[in-house]
Structure formats: C-alpha cells, structure tokens
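Required output: the full structure, derived from the provided sequences and hints.
In the numbering used here, the protein residues as written are 1 to 213.
Just so you know, these hints were derived from the structure itself, not from any lab.
Hints are supplied without guarantee of correctness; some may be wrong.
The calculated label-pair distances, taken between Cβ atoms and stated as ranges, are [claimed, not checked]:
hint, residue 1, residue 2, range
1, Arg-78, Arg-154, 47 to 57 Å
2, Val-153, Glu-22, 24 to 34 Å
3, Asn-60, Val-12, 17 to 27 Å
4, Thr-141, Glu-24, 24 to 34 Å
5, Ile-164, Asn-18, 16 to 26 Å
6, Asn-18, Thr-141, 52 to 62 Å
7, Gly-137, Asp-37, 22 to 32 Å
8, Asp-138, Arg-88, 46 to 56 Å
Since the model is a prediction, treat every value here as computed from it, not as a measurement.
For each residue, glycine too, the CB sits at the ideal point set by N, CA and C.
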Amino acid sequence: MQKKILSYQVAVSIEQNNFHEEAEYVRTIAGWHEASDGRGLSQLQRSKYNYQMLNYIIDNFMPWLRENYNFMYIDINRSMENLRGFTRETFIDITANIETQEHRRRQNNIFDYPEHPRASTTDDVECFFSMTRRQLGDTFTLKEFKSGWRKIVREFCKRLNPNIPFYYWTQNERFKFKHASFDEDNGQDRRLHVVRHNQREAEAFFQHVISRA
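Shown next as structure tokens:
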C-alpha cells in the first residue's frame, strides 16, 4: 500500500491539483525508495535520490549540518513539526540508512563489488535467504532447521557448478538465470513506475478512510 500512496503517479496527481510542495515530498520519498529497491538506475542516480531525501530531512531538522557535517551535533529535543509523520527514531533510521548505503557504495568502487542495494550485497545472497525462508517458513523448530538447512546448502552448492542447473528462488517467483546488474535498464523491471489498478483493493481502502473520517 505504501508503494502506491508514495509513488511517482501519486506525485503527478497531487501536482495537477496545485499541491506542489506535497508533490515534491512524495516524489522525494519515491526516489529514495527506488534508489534502494529499483532496477535500471545508475549509481549516480541512486546516490542523487538518496541525498535528495537526506537533504530534505536535514534542511527541515538540522539546517546547520550543511556547514558542519557531523551528526554528533543533532539536537534530539528539537521539534519535528516541519516533518509531519516523522519521529526522532524515523529521522535516525533514515539518515543512518542513507549514510551507510553511500559509504558502502564508495567501498564497492574500491573493491569492485557488484551493487545490490536491496540486499546490501548480491543477488546470490538475497536469493539464498529467500530460498531458506521458502523452505523453512516463518516459524520452525530447531529440528526442522537442522533438517532443512542441509537440503538448502546442498541445493545452493549447485550454484557453484556451472554444469549443474540451478534455479534462483524468491518468495514470489522462480527464475533460472540471474538478473542483470541493478544498474542496467532492460525496460522491464521499472515496476515502481507502474501502477496496477485493483478496484476491490481501492474500494476497501477508501471505505476504511471514510469510516475513520
């Protein structure tokens, strides 16, 4: 639901109704989301979207940070009235998230690691944990873990042998070949720029809003 409310399409709709500041806010959050969860963006674009989000928060809560870039000088008692919906914990979470992402991005350039912003590592690691969750489920006993773990490791070892077919598993899909780099735009994975309409879901949402009003 958050992906639909804080999306590029919602920003366009709000802007068409002359709510320009609100549209820019939604567009900033959508860009920050895409920087971590979307394919087809260059490293420069991801960094740009991250810092747009960071600067939006800083300009409202810590304007002096532009002159002295040190989060040690955060005023935790400062009012957050200009950042509606934000708490101090949210502020710390988002700023720490962006700073660590950008630190890792600089390290990746040095170590020549492939970038996978969603998992903070590679497709292999993300799919390994997805496969583990698919096999074990959300709840499991120690006995089930020991039994399932051996199967998972044996299956994933096929990934190390180019002559053995291996299927990546995720929670919702199964695919044989690994995805292209997150930075490559193949014209098919820009899902955050597409809205899939669901009339039943939309009706239930607005009924909930009306009932609360």
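A quick look at each hint next to the structure:
At about 54 Å, the CB distance of Arg-78 to Arg-154 agrees with the hint of 47 to 57 Å. For Val-153 and Glu-22, the hinted distance range of 24 to 34 Å is not satisfied, since their beta carbons lie about 49 Å from each other. Distance hint check: the CB atoms of Asn-60 and Val-12 are about 23 Å apart, consistent with the given range 17 to 27 Å. Thr-141 and Glu-24 have their C-beta atoms about 50 Å apart, which leaves the hinted 24 to 34 Å range violated.
Checked against the given bound of 16 to 26 Å, the beta carbons of Ile-164 and Asn-18, roughly 59 Å apart, lie outside it. The hinted window of 52 to 62 Å between Asn-18 and Thr-141 holds, with their beta carbons roughly 57 Å apart. Here the CB-CB span from Gly-137 to Asp-37 is close to 24 Å, well matched to the stated 22 to 32 Å. A hinted range of 46 to 56 Å for the beta carbons of Asp-138 and Arg-88 is inconsistent with their spacing of about 31 Å.
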